[in-house]
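Chains as they are written, first to last, in my numbering: chain A, 1 to 706; chain B, 707 to 1059; chain C, 1060 to 1375.
Misleading hints may appear alongside valid ones.
Residues from chain C that keep clear of chain B, each with C-beta distances beyond 12 Å, as calculated [as the list claims (entries may be wrong)]: (1) 1062; (2) 1099; (3) 1150; (4) 1151; (5) 1164; (6) 1168; (7) 1209; (8) 1243; (9) 1294; (10) 1325; (11) 1364.
If you want a taste of the chain A side facing chain C, the calculated C-beta under 10 Å gives, among others [what the hints assert, rightly or not]: (12) 85; (13) 87; (14) 88; (15) 89; (16) 93; (17) 109; (18) 123; (19) 156; (20) 157; (21) 361.
Because the hints were derived from the structure by calculation, they are not lab data.
The C-beta atom is built at its ideal place from N, Cα and C for all residues, glycine as well.
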Amino acid sequence: MTEPSPVLECRNLSISYYTRAGEVPAVVDFNLKLMPGEAHGIVGESGCGKSTVALAIMNYLGKNGAIVGGKILFEGADMRTMSEEQLRQIRGSKIAMVYQEPMASLNPSMRISEQLAEVPIYHEGIARAEALARSEALLEQVRIPDPKRIMNSYPHQISGGQQQRVVIAMALLSKPKLLLLDEPTTALDVTVEAGIVELIKEISQTFGTSLIYISHNLGLIVETCNRVTVMYSGEAVETGDIRSVFNDMRHPYTRGLFNSIPVPGADKNARPLVAIRGQLPLPYARPQGCYFGPRCDHFAAGICDKRPLPMHPVEPNSSHAVRCERFREIDWDAAKPKHIEREPVAPGHMVLHVDDLTKHYTIESRAALLVGSKKTVKANEKITFRAHEAETIAIVGESGCGKSTFAKVLMGLEDATGGKVQLGDLNLANLPVQQRDQGTISRLQMIFQNPFDTLNPSHTVGSQIARVIRKFGRERDAKKVEERVNELLDIVKLPRDFAKRRPRQLSGGQKQRVGIARAFAGDPKIVVADEPVSALDVSVQAAVTGLLMDIQRNNRTTLLFISHDLSVVRYLADRVVVMYLGQIMEKGATEEIFSPPYHPYTEALLSAVPIADTRVRKRKIVLQGEMPSPSNPPKGCPFSTRCLYMMKGVCDTIPPPQRTFAHRHVIACHLDEATLKAMEPVITVEDDAAPSHASSATAEAIPSAP
Amino acid sequence: MASVEVLATPPAAPPVAAAAPPLTLLKRLQRPRVCIALLLLMWLPLTASVMFGGYLGDAFKTWVLLPAIPATILLYVVAVASWRESPIAIIGVSLVFFWLIAAVTVPFLPLVDPNKPIAPFTGVGIEKNGHLFLLGADFKGRDMLSRVLWGCQRVLVWGVTATLVAYVVGSMLGLMAGYLAKWWDQVISFIANVLLSFPVMVLFILILNYLGASGFNIVIAVTFASAPAIMRIVRGLTLDTKTRDYIFAAQTRGEHPLRIMIYELLPNARGPIIVDACLRLGYTTVAITTLTFLGLGLQPPDPDWGLMIKEAAKVAMLWKFSYMLLIPALSVSSLILGFNLMADGLREMSLRD
Amino acid sequence: MLKLIGNRLLQMLLIMAVVSLVIFAIFDSDKFKRQIAVAELGGFAVSALSDQDYEAWLDRKGLNVPFYDRYIKWVAGVVTGDFGRSFEKAEPVSRLLGDRLINTGILAFWVFALMIPISLTLGIIAGMREGAVQDRAVSFVAVLTTSLPEIATAIVLTVIFALGLQWVPANSAMVNGWDWRQLALPVMTLVLYDCGYVTRMTRASMAEVMTSQYIRTAVLKGLPHRRVILRHALRNALIAPFTIIALQLNWILSGVVVVEVFFQYSGFGKLLLDAALFGDVYVIQAATLVAVFVAVISQIISDVGYTFLNPRIRFS
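Chain A extracted, bound-state conformation (with noise of 0.2 Å):
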């Protein structure tokens, strides 16, 4: 065997925090081995440990973490060994570590440039001058605009792509052998993480650098790595090259990831989504034996509850092995798709009518006595779109592009500044919320994106459920309320007891659902959804859809989803509405939207969702630099500074006109129709057999309790 040596290789690792509840494992037993120039991926859910490992390679875990067993070693020396300086001399040279914010992870009062050159200054003592040209050289090699300007500026002045350009810079100034990613574009939007992905991408090949790629997200390892390591509550459980693990998985945890995220073929009513039941286990509160056993369709007394656990080979001499006693037991074939087919909801009448409605903010810029200058922010303009009941209508756009502004007028917190917002004969565009009487509100209802900021963490479940039906008048009794409380309790599917709880008992998931309670508890018309599941773990979000889509197809509500992400909209919405810096650019039936023609931007977003499948191809298409400010929006087209088929002299003077294709499928754009119909689709499936991975037969279909 002539094998090169491993540039990292953790030999059953363990790591601990010290908490006041005593030692808690955060990862067990964890092994990997990382050979030049190889990128590998780490995925799990939040708490899994995947971040730790990463500091734990960069021996940091700060004063209550430590390494409780086992060995890292690198390049062949075991770091646990060695001493302070020497590991400085290591850290930011031979291993470089990419984080997860690159705001908080730059230095607020420091230049980009004295924060990049001390790298090779301190590591390599070169002089400032020789330190500051490659700091800039290396810039420009990440593909930073104008890199002389950024050099002299401060964190805040750029924007959080750049940020991260910057972040990923500094760690290869000293062209390590091992660089660490810990999630590096979970802070962005889609567009811009499509760019930093593709740039990652190339280190390893520029720079023939092994990656440890950290992600919860199973379409970006993907899109970067060669192999990967899916964690579940401290350990690893399944490992292996890409394709193997990606479309022969055999643990059922990997395989219940798989059947939660939507992918291209899964669809709400023909393939619907399918959650893990149960909860991650907490790491003081773990099962005997398997960690999984508890959440596993598989599993079996007496062989699954026993410790040691080892990981298994799947072939002798494979490198693909599960931590599974059974996983060859079960019939991986026979978990096929199981169909619950159910009738498309046919949608009604029309219940809300959005007619040119604008809202411009005027903001002065500071001064308390002295006058200071106007501006006008645009934050909607001339939005128009029709809903019908029972409908599902996603609203898709990345941060900043007047999706919460919309929804603030449309709750009435906002005044509009043009245009109409009909509700059966009530315009309310301009009507705030204490004008509206109880029923026009309660038949309009919200449920927000943040599960830690949805219930106040002062008052418990119950009360906050009650006090929407009293406030809406739909019981008064105390005993009424108490009943309907428990009723909405059973339809999000949670316990009874759970109303004497206050929220910070509560999981992300299980607030998400009471947030759900809340909102359907006056039996509203509409429910607007400002990313309801985007903050939530892969496995409870498609619990958390599923439910939402259960009861909205019982009650017949209309859905205004909200979101950034491609996927999901797809695979739940009837109609789609693309905006990008508060203007409509795209909307359409859904099939419509993912298919020729596209807006230039929706070709762009669709080509930035990561898709966890390594059958799909997609065209690439990476947009350069970042959204515009709303304050100050490019003339004509909002789109032109950033679209690739940008003409001169029209696109950025001129406002786009509306096209119309199918029925009611409108492109706001200067590229005339052939073009636009000539296009390519972005996402192609390489072969059209159905997916291996749909859902399993074994799992329920619709997410039990937690």
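Once you have looked at the hints, place chains B and C on chain A.
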């Protein structure tokens, strides 16, 4: 990071409804409603005795304190039990409750009349004229022990009352400035800025000079001096909380602003407010003692720490008599230390959760 | 930057205008007019005065003209440096106040000169390693000194150093001319109290910076510990203490009253209290105005300094 994420999810609480286990007496006492009742039972008699005892006669002044004694002791037990995780908080609570228990029990203790001159300039631990002076006697021959213990009543009652009033005013204004914003904020913040421009002591002197020196006027002066700072804190907390989705949810339900302020916003600000209140109780104690020392606060002859310092500073500038200065000085310091340690301990505990 | 300073100065002028108006209105009340009369004519004479005679006296003094008229006149006087005359000391207020302010200025100078280096050093050392022995020790001492009010500190220091060890005099009246030794106790008292507070703030700021993600970045870049502390942590950790130190000027003006009265040091604080107890209206008015002026200036320094030190604000 990962561990933090994990620990943020609290363990599922045991089902509350299913066969409630028999509550221990301590658990019963720890319930918020019981605690508030105990607080009132301790506080109202003490306030009545100190503030209005003069109008209502000596018998009332003494016997009204009787129910407060068990309430205070129970409260101390509850406080120690609830804060046992933090040794700092326990020390702080013990110091504060030492003086609280002294305040409610002092009429029943075997002490001589604090205003009765017995033997001037008698040193610590010396028996003279048939009386053992454990902490010595002052220049008029009054028993220092008795005076120090009696003296805590006025500082505690006026200090807490003043802080409470300042808090009610400051919180209301802070909520209004933070939540209603616009011109409410402009006006309230400007007034606060004007008041904050005064050095605190200058403001005290100005107000008490204008209103005259008395306990009630101290309450007013403390309110003027502290409310702007409290208002700023509450305003900041409000601005932070008001962007939360649950506030948004309440607004979209069409809730009245007043209900949102009191019911949705205020309870979520209580953590930092309680910590700050402990610190501010310390400041107020300092202020009252200092003002009395300067001759602008509570008036003689009743014992009061500030007054004791004032009187001693004139006559006791000798090593031999330094106990006359040190005893009241250390007493007031121990009370303030208690408040500060309580604040530190509470803050530490709130950061851990 | 200039815009900010201009803005703050304007705000200060507005505050000063409001404050002076309020102060003037307070002392325009009948109660204080009578106090002036008592001071000038004696208590007995005033009580014997008939209403008519009192009116006549007011007229003579120019106290009978409308409020705004007198305010304008008073402001005009203040602008030219004429604060009126003290009743008690029979001296122009401006001269009296000037002398006392210099004395207090000397006191404040030494307090700052000692307090800043001591508290910053201690705070940084404590905050560098949260929970370590040096942190616990510094935090303990700091909470102890902040818990001792100035009056208690003054007593303890006097008892130890003046009455016990007899190193320094217990009295700072300086009746026999200027004596540096008499300055020791007042300065020490103020330094002790303030040090604790500023140390705690510096420690908290430093501790927060040390747990920030950019410090993690700096450590994981492989920089030496010295560089991480001196270049990455200090700059950010000192922003908050700076603003707090500037605001201490306001605190010192409060503390100075107690300390000067206790040690009989003839400075601004003692002047203010004496005037208040005596009813020396013009002195109170002038002293308050000066105190507010100093406090507002310190706020401006703090604001401007914060903006200057914090690039996130400076360049936005």
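Discussion item. Hint residue 87 of chain A vs chain C: min CB-CB distance below 10 Å?
Written reply: Result: holds, 8 Å to nearest chain C Cβ.
Practice prompt. Hold the hint about residue 85 of chain A up to the distance rule: shortest CB distance to chain C must be less than 10 Å.
Written response: OK, holds: residue 85 of chain A within 10 Å of chain C, min 9 Å.
Worksheet item: residue 1164 of chain C clear of chain B by more than 12 Å, beta carbon to beta carbon?
Response: 15 Å, holds
Worksheet item: Minimum Cβ separation between residue 1150 of chain C and chain B greater than 12 Å?
Response: 21 Å, holds
Worksheet entry | Outside-interface status for residue 1209 of chain C - nearest CB in chain B farther than 12 Å | 7 Å, violated
Worksheet item: Would you say residue 1364 of chain C is clear of chain B, with no C-beta pair closer than or equal to 12 Å?
Response: 18 Å, holds
Discussion item. The hint names residue 123 of chain A as touching chain C; please verify it with the least Cβ-Cβ distance against 10 Å.
Written reply: Holds, about 6 Å.
Fill in: Outside-interface status for residue 1151 of chain C - nearest CB in chain B farther than 12 Å
At roughly 21 Å from the nearest Cβ of chain B, residue 1151 of chain C sits farther out than 12 Å, so the non-interface label holds.
Worksheet item: Closest CB-CB distance from residue 1099 of chain C to chain B, is it above 12 Å?
Response: 18 Å, holds
Practice prompt. Closer than 10 Å between Cβ atoms is the bar; does residue 361 of chain A clear it against chain C? Give me holds or violated.
Written response: Interface hint status for residue 361 of chain A: violated (19 Å vs cutoff 10 Å).
Item to complete: Tell me if residue 156 of chain A is really an interface residue toward chain C, meaning its C-beta lies closer than 10 Å to one of theirs.
Response: 5 Å, holds
Discussion item. Interface hint check: residue 109 of chain A, Cβ to nearest Cβ on chain C, cutoff 10 Å. Holds or violated?
Written reply: 5 Å, holds
In summary, the numbered hints that this structure violates are 7 and 21.
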